[in-house]
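Residues per chain are reported as follows:
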Amino acid sequence: AQRVTQPEKLLSVFKGAPVELKCNYSYSGSPELFWYVQYSRQRLQLLLRHISRESIKGFTADLNKGETSFHLKKPFAQEEDSAMYYCALRDDKIIFGKGTRLHILP
Amino acid sequence: GAGVSQTPSNKVTEKGKYVELRCDPISGHTALYWYRQSLGQGPEFLIYFQGTGAADDSGLPNDRFFAVRPEGSVSTLKIQRTERGDSAVYLCASSLTPGAYNEQFFGPGTRLTVL
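Here the protein sequences come in this chain order: A and B.
Under my numbering, the first residue of the first sequence is numbered 1, with each subsequent residue one higher.
Under my numbering, the first residue of the second sequence is numbered 1001, with each subsequent residue one higher.
Hint data in this document are derived by calculation from the structure and do not stem from the laboratory.
Quick caveat: nothing in here was measured; it's all calculated off a predicted structure.
None of the hints are false.
Within a straight-line C-alpha distance of at most 20 Å, the following computed SDA-like cross-link-like pairs (lysine to any residue) qualify:
{"no.": "1", "chain 1": "A", "residue 1": "Lys98", "chain 2": "B", "residue 2": "Gly1040"}
{"no.": "2", "chain 1": "B", "residue 1": "Lys1078", "chain 2": "B", "residue 2": "Ser1009"}
{"no.": "3", "chain 1": "A", "residue 1": "Lys98", "chain 2": "B", "residue 2": "Gly1059"}
{"no.": "4", "chain 1": "A", "residue 1": "Lys98", "chain 2": "B", "residue 2": "Leu1060"}
{"no.": "5", "chain 1": "B", "residue 1": "Lys1011", "chain 2": "A", "residue 2": "Arg43"}
{"no.": "6", "chain 1": "A", "residue 1": "Lys98", "chain 2": "B", "residue 2": "Ala1088"}
{"no.": "7", "chain 1": "A", "residue 1": "Lys98", "chain 2": "B", "residue 2": "Arg1111"}
{"no.": "8", "chain 1": "A", "residue 1": "Lys98", "chain 2": "B", "residue 2": "Gly1085"}
{"no.": "9", "chain 1": "A", "residue 1": "Lys98", "chain 2": "A", "residue 2": "Met84"}
{"no.": "10", "chain 1": "A", "residue 1": "Lys9", "chain 2": "B", "residue 2": "Gly1040"}
{"no.": "11", "chain 1": "A", "residue 1": "Lys73", "chain 2": "A", "residue 2": "Phe59"}
{"no.": "12", "chain 1": "A", "residue 1": "Lys9", "chain 2": "B", "residue 2": "Ala1088"}
{"no.": "13", "chain 1": "B", "residue 1": "Lys1011", "chain 2": "A", "residue 2": "Arg41"}
Put together the whole structure using the sequences plus the hints.
Next up, the structure:
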């Protein structure tokens, strides 16, 4: 069965510290993986996708097929990174994880 | 240009009533998706349209839920005999075409509360 697991509901990190939001997936085949973000009182939006291998707002995510993981990382957290983050798997529809709330402490 | 819009932004109804939720996709987007997000959960897929037809309705929880997109643009999600468990944020998204390579753009959602 296709599934996305985000083990942490809440992650609190001090400003300037590294961030890692964990994501594991279950999928038969080659997955298309994404991270979505929802800032307070804003709509859900795409942050990055693994096929682009890009860095957005300082965030990167590497697909590890051996560990079936797609963890989101940023070396130095900023206060504006506070938001809900959803890892997602997609063929046509999107399968979302339950989300992790990232709280950046001043 | 304008993004995906959804109306109403909030809907409060009583158990057993019928509700309609509307989605206006981005102009020219042929694929339209409905998701439901319950408290503390990620969005869950309900149905998606390619043009006027429902290409995948496997996420609809039961036959009280129905969605249409008669002209291939605006879509309406219809819920009959609402139950308290239907309370959630209903999200709509659209993309230029289906497929994993095309970004889905999300609307602001409709918060449905069933009393």
